[in-house]
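Novice: Sequence lines, in order, name chains W and F. Under the numbering used here, residues -10 to 238 are what the first sequence spells out, in order. Under the numbering used here, residues 141 to 445 are what the second sequence spells out, in order.
Since the hints were made in silico from the structure, they are not lab data. Here the structure is a predicted model, which means the values were calculated and not measured. Each residue gets a CB set at the ideal place from its N, CA and C atoms; glycine is no exception. Treat the hints loosely; a few may be bogus.
[Stated by the list, open to error] Among chain F residues calculated to face chain W with C-beta under 10 Å, some are: (1) PRO157; (2) ALA168; (3) ILE337; (4) LEU352; (5) HIS354; (6) LEU358; (7) SER362; (8) GLY431.
[Claimed, not checked] Some chain W residues flagged as far from chain F (calculated, every beta-carbon gap over 10 Å): (9) GLY29; (10) ARG59; (11) ALA100.
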Amino acid sequence: MTPALGIMGLTVAYDRHKALDRISLEVEQGQSFGLVGESGSGKSTLLKAITGLAPVEAGTISVDGSKLGRSREKAFYRKVQMVFQDPYGSLHPRQTVDRLLLEPLAVHGFADSEARINRALDEVGLGSGFRFRYPHQLSGGQRQRVAIARALILEPSILLLDEPTSALDASVQAEVLNLLEQVRRDRGLTFLMVSHDLAIITHMCERLMVMQNGEEVERLDASDLAARRVSRDYTRNLLVASAGFVRAP
Amino acid sequence: MSEAALTRREWLLSERPDSRLQARLGRAYQSWLRFSANRLALAGLLIILLLVFVAAFADLLSPYSPIVGDLRGSRLMPPGPGHWLGTDDQGRDILSRIIHGSRITLYVVLLVAIIAAPIGLAVGAVAGYAGGLLDVVLMRITDIFLAFPKLILALAFVAALGPGIENAVLAIAITSWPPYARIARAETLTVRSSDYIAAVALMGASPSRIVLRHIMPLCISSLIVRVTLDMAGIILTAAGLGFLGLGAQPPLPEWGAMIASGRRFILDQWWVAAAPGAAILIVSLGFNLLGDGLRDALDPRGSER
Chain W
-10 MTPALGIMGL TVAYDRHKAL DRISLEVEQG QSFGLVGESG SGKSTLLKAI
40 TGLAPVEAGT ISVDGSKLGR SREKAFYRKV QMVFQDPYGS LHPRQTVDRL
90 LLEPLAVHGF ADSEARINRA LDEVGLGSGF RFRYPHQLSG GQRQRVAIAR
140 ALILEPSILL LDEPTSALDA SVQAEVLNLL EQVRRDRGLT FLMVSHDLAI
190 ITHMCERLMV MQNGEEVERL DASDLAARRV SRDYTRNLLV ASAGFVRAP
Chain F
141 MSEAALTRRE WLLSERPDSR LQARLGRAYQ SWLRFSANRL ALAGLLIILL
191 LVFVAAFADL LSPYSPIVGD LRGSRLMPPG PGHWLGTDDQ GRDILSRIIH
241 GSRITLYVVL LVAIIAAPIG LAVGAVAGYA GGLLDVVLMR ITDIFLAFPK
291 LILALAFVAA LGPGIENAVL AIAITSWPPY ARIARAETLT VRSSDYIAAV
341 ALMGASPSRI VLRHIMPLCI SSLIVRVTLD MAGIILTAAG LGFLGLGAQP
391 PLPEWGAMIA SGRRFILDQW WVAAAPGAAI LIVSLGFNLL GDGLRDALDP
441 RGSER
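Build the full structure now, drawing on both the sequences and the hints.
Specialist: Here's what the structure looks like:
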């Protein structure tokens, strides 16, 4: 079976600085794959490279078995969509929710935009009362729901999630994560999720890769991580760091 | 009555609008509330509305013909009943000439804004978004235009194109777009790497669509403010060209040309030059006050973010 997303020996360099060094991974259809690492480890760069926003030096990226070239076609964006980290920065400040959701439909020439917008808002639990609001009239969690609705409105099969909840406070985080989990189940979506929060990755993903300085450190199952069966020191340090500050005895 | 007004206000300020129209009107109403809180800005708006009104009904408002004067009986008469602002050396009523001159002023200002602002916006937004070689080429062209003093460049253009009000408009437009291109580019650079522009790109939108529908609307408010503030300068440049005999040609009642013709007897018959000078002053002040108010009302860095 061909994987939904396949990456082979991907190298990305900005001015000779290697942001990604020979990364390979495969994500099966319907699976959720996590990327973990400290800031600057290259996990967000990997998502950028998939969407065509980072300069790829070597390696291949393939979606549903077909290789992607240098530029992305419109059909690619129907299959792969992304949710950004900061919901305060990812929504156009001068556009209503309606305009934000209409834009992808207009770009791809959908006819039944009215019904689709209402359905998308219902799906993320916002309802039509939010349709004509501006982003500044929404809370952080509501904004991220709008961003998720925008990503889902083109009915993609792969969703790239760049720390989708790190800008939200804890109670809202759980709501948004549950929403993501639910749409994944309903639609059979494939997730590639970036986070520095090991608890979130353990909760959301079946498999994960630990990254450092643009290189793979190790690959684990979520159950391994939960049971702390890790082989590398770096991962162990991450686990300690994520447990929070421990008062010295 | 007051109850109906209250509900209309509530409808406009609703936190959950029911339609695109209501959302848009509500937004416009909030801008208006911010604008109208500023007394000076309202005074500026009043002056400009008055200018538009006078220009529209010039034929009805002016007591005499602006072009044909009474050479025998009424040359260089001081202000008084009959001729409220006096008459000039051709025996023409100055009030009538100023009223008709408002049309020329408005014509120049609007045409320059319509020609120069879109050129500047397009050049700046494209240069800012495209980056690279295109940015360098477009911005160096802009720099070349900026390197000349505005009036001198306009003078050169009028001299090449021939004197006349249309050529003056063209010359002023050609010399006034570069600052708008700079503003539009600066605004574009601040938003081009933002997540919401990346999000639109990730929907598969073409670069032209991104620039036209997502970047330009963000540049427009600061551009409107700048154009409004520049209008006083445009009026002065047009008057300057008229004063030098390169703008409107006699017998057109252009304010700058009127000052030029009044210069010869400014010590004895001061009103011939003072009246059009005061008109230029008042209208320029009006545009400046309006521009300041618009800046406060439209500034995207206001309360909306």
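Novice: Please write out, lowest number first, the hints stated earlier that are contradicted by the structure.
Specialist: Of the numbered hints, 2, 4, 7 and 8 do not hold.
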